[in-house]
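Listed below, chain by chain, are the residues.
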Amino acid sequence: MPFNRKPQKFNAAIKTVEIGTGDKKVTLGGENVFPFYAFDGEIANGPKVGVEISDLGLENEVPGVKAYYEGAASIGEVAKKAAEMEGADFVCLRLEGGDPNGANKSVEELVAAAKEVADAIDAPLVVEGCKNVEKDSELLAKVAEALQGKNVLLLSAREENYKAVGAAAGLAYDQKVGAESAVDINLAKQLNVVTTQLGVKPESIVMNVGSASVGYGYEYVVSTLDRIKAAALSQDDKMLQMPIITPVASETWGVKEAMAEEEDAPEWGSREERGISMEIQTAAASLAAGSDAVILKHPQSVATISKMIQALV
Amino acid sequence: MTLFERVFGGNDAVYGLTEGAIDAAIAQHGEEKAVSFPNTAYALPCYYAVTGTKVTNLKELKEALGVVKSLMTRENKLNDVFMSGVATALCAEFIEAIKYIDGAQPYEEPCYGHLSDAVIRELGVPLVTGDIPGVAVILGSAPTAQEGVDLVKSYQAQGILVTLVGGIIDQCQELGYKTGANVRVIPLGKDVTSVIHVVSVAIRAALIFGNVTPGDAGALMTYTKDRVPAFVNAFGPLDDVIVACGAGAIALGFPVITDDDKDVPPIPKSLIIQKDVSKFNATSLEARDIKIKITNIDIPVAFASAFEGEIIRRGDMQVEFDGSRVDCCELVQSRDMSEVEDHKIEVIGPDFDEFEVGSKHSIAYVVEVAGKSMQTDFEPVFERKFHSYLNCIEGVMHTGQRDMIRIRISKDAFAAGFRARHIGEVLYAQVKNEFEAVVDKCQVKIYTNPEDCTKIRHEIAIPAFDKRDERLSTMTDESVPVYYSCIMCQAFSPSHVCVVTPERLGLCGAVSWLDAKATNELDPNGPCQVITKERVIDERIGEYEDVNEAVKKFSQGALEDVSLYSIMEKPMTSCGCFECICGIEPFSNGVCIANREYAGMTPLGMTFPELASMTGGGVQTPGFMGHGKHFIASKKFMKAEGGVARIVWMPKELKEQVADRLNETAKELYGIENFTDMIGDETIAEDPETLVAFLTEKNHPALGMDPMM
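Here the protein sequences line up with chains A and B, keeping their order.
344 is the number of the first residue of the first sequence in the working numbering; add one for each residue after it.
-2 is the number of the first residue of the second sequence in the working numbering; add one for each residue after it.
Worth double-checking, as some hints may not be accurate.
[Claimed, not checked] List time: in silico BS3-like cross-link candidates among lysine-lysine, alpha-carbon distance up to 30 Å: (1) K549/B with K358/A; (2) K544/A with K272/B; (3) K409/A with K358/A; (4) K485/A with K96/B; (5) K626/B with K485/A; (6) K288/B with K474/A; (7) K464/B with K626/B; (8) K544/A with K458/A; (9) K59/B with K150/B; (10) K550/B with K581/A; (11) K150/B with K581/A; (12) K74/B with K96/B; (13) K506/A with K409/A; (14) K474/A with K349/A.
If you are wondering where the hints come from, they were derived from the structure by calculation, not from laboratory data.
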């Protein structure tokens, strides 16, 4: 019996969200086929790769990352190099120094860093808060104000602070809102519903449905991504059609496999290689399950993943 | 004079002034002179928002005045009043705009006049998030400066943004009251026309935050009405111009509260006469439906879930209230809006100081709530939370519910100043915060006199509890108009959906139909959604088209159809949280039920965990279902297969728990007395052969029924 190709056609598509301005701006989403199902139909836009940098500098990074940024003295210069990295589509600035339980940097200081980065690059910018709900409410609102006109994506509005972050980023200063939920399709949908009820346009929302490093309960992430894409495409669920961004580096570089020094675990081999491997595996799986963008750190991971995307789209 | 005459008269007067001002400005500067407010991208924002036209110079301003004139229709209809109000507001904007010609600075400290776009973006975010719960516009002079300042202060304390126009500004200065944007008290100007600067804020908020298209006046008014929580407090005596401005405010959806009742007919919810200035605050908040978030509970000890498990031993106890020995109770009652004074906390009887250390007393606390969306069905839902609320207080222990409560107050809490009224403070704050969606006002009465407590317990509380129980027990699937979905467990069991009906509660046992209903009302986007039940497919097994559609939607297509009353045909799925599992026992034509606590073997040859592993996961497994304990005595239990008569085995402990209700159901359905005596348990049989022998001896009805498979 001859093979009969039957493309799986959907009457729905993922919404498109633009980040950045000018020639370098990127468009997330737009696809109307399952992830990498290029044989079912053309994949609009294709997944994007972001490079993560932090306001805390490079001190704790692995040698490969340090080497890449060598000579960059300021956060602005680091950002410039990140934007030039092979395979990079956008830059993600993580303002982790804002955490009240950590460095507890002031909002003013962090906004200044964000501004320096935004001014240094013409690549699209994603700004991630410090994950403390109260601090992020204030911090991300101020960042949204300071970066008016740059069309940045702010991560994240969560259930506890979506009003403050959503109103500032999505309404007052016309930026893009990242809606973050914890690996649960219903919570993801509910957050999108209430954020749009606030007045934020669905076209201004990108979801971060939560992540984990492979090997750390990652099956939940895959099943959540899978189910969201299925509901968005096969059931035309408008409140799940926002594109998805997955911060990978912040998950994978914090697990034991990427942290343990070689002298402590000689049988595991080079720490840096392990970290890269965790990062690439997690990113590849997230993209295959439906993420429209991933945020990575190591130059080798960025190059590898972007090559994978090019080969599959 | 009628309201029509006053508004039309005021409108005409302002129109005349505006025409004069524009003509004078043209005479002085020429038609081409630019007109604008500083630091806004919205030209003359009010006119731009209403008409979609940007006025840039005096010539265009004159033309715009012609458009305004067309709004000034003079029929004695309410719409004419509102449009004349809008026309008055636009005239005020024109007069104010002329003041800014040539970059003039018409306002000086402390007045602000026009507010820039940047200020609106900054204020807009807390307005959207509710951190600024409302915007008060205070107009004119209060009867005394002190009353005026007290009013300003009361709003400020609630986080409300206050704008001042006219005499109130002088009154604040007179008493040295601090004003300014940083303290959220903004004096606009002393002319009545300066009120337009706060209207301009509301209107630009609609353009910026509401994506309202300029010129779409309908959408604009809907936005300001629904989303901008502003209201006006106008002190008498009101002149016609102020009355006309007030009509404009009402057109935007902002109620006006005034103490002047001369020639001012009240309009329900829009124009409210309140002679007592000290009640302006409460009246305004109620009229505009503003709810103030309580961030700090005013008690001398800590309040946190960390204290929830705290045990207070006899030796550490200052005083104890014990419902098992003396009359105690806790009760929520719905009241009319007029019967509740928000945040009133009364202690009736002796306070903790007057009790001997270590002594035992009566207590009864009644939380009275009122709200437009409040329903008596929510009373038990709130009440059930009291246990957790009171336990979260440092140094307070609470057990039980209804009239079987016990409360201990520790010596440390007492020493820190904890008294009876603080129980009221906690209940007030928690009920208001957690049930904000339905509770508009709340007051608490705490009784500590034994006579009062006896009276309340026996004459009010117990009858109320009985009435509720009766309602619950008489509520049937047929007697309600809708069912509810519950997908709380989908994080673990992605395709599972519970359909909660009065006679079939959620399989976890924790979500009754009333709970689901309350969850839906309190969190409309949450896990419990309304399921209609209008299109019956098969009454026997309880299958509905509406239910199938809902299940398909909420399971993201994983489930196509479910029945409510059958274990064999399209049974409802199970997540993993079921209290009990019911499984088919082929030898007896019946079913065995095992509860989660039961650790032994069942006649099915499987233990509870083994049964659970094949029943859970959101898949339909004919012959097996998870359910709540309460469902066992329901007349809808396996109704399609013949009902509770199929139950042949249950663990002894479970059987005892459900015996009374199950016996009653069996008697009603089949006329069988003491049905549970016919049901086996682990002391009788753990294998099918012994079980069937027992059932035969007892003449169990299942044996004579049709085979289930």
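Verification of the supplied hints:
no.	hint	result
1	K549/B with K358/A	holds, 24 Å
2	K544/A with K272/B	violated, 45 Å
3	K409/A with K358/A	violated, 37 Å
4	K485/A with K96/B	violated, 33 Å
5	K626/B with K485/A	violated, 52 Å
6	K288/B with K474/A	holds, 29 Å
7	K464/B with K626/B	holds, 22 Å
8	K544/A with K458/A	holds, 25 Å
9	K59/B with K150/B	violated, 41 Å
10	K550/B with K581/A	holds, 13 Å
11	K150/B with K581/A	violated, 46 Å
12	K74/B with K96/B	violated, 34 Å
13	K506/A with K409/A	violated, 38 Å
14	K474/A with K349/A	violated, 45 Å
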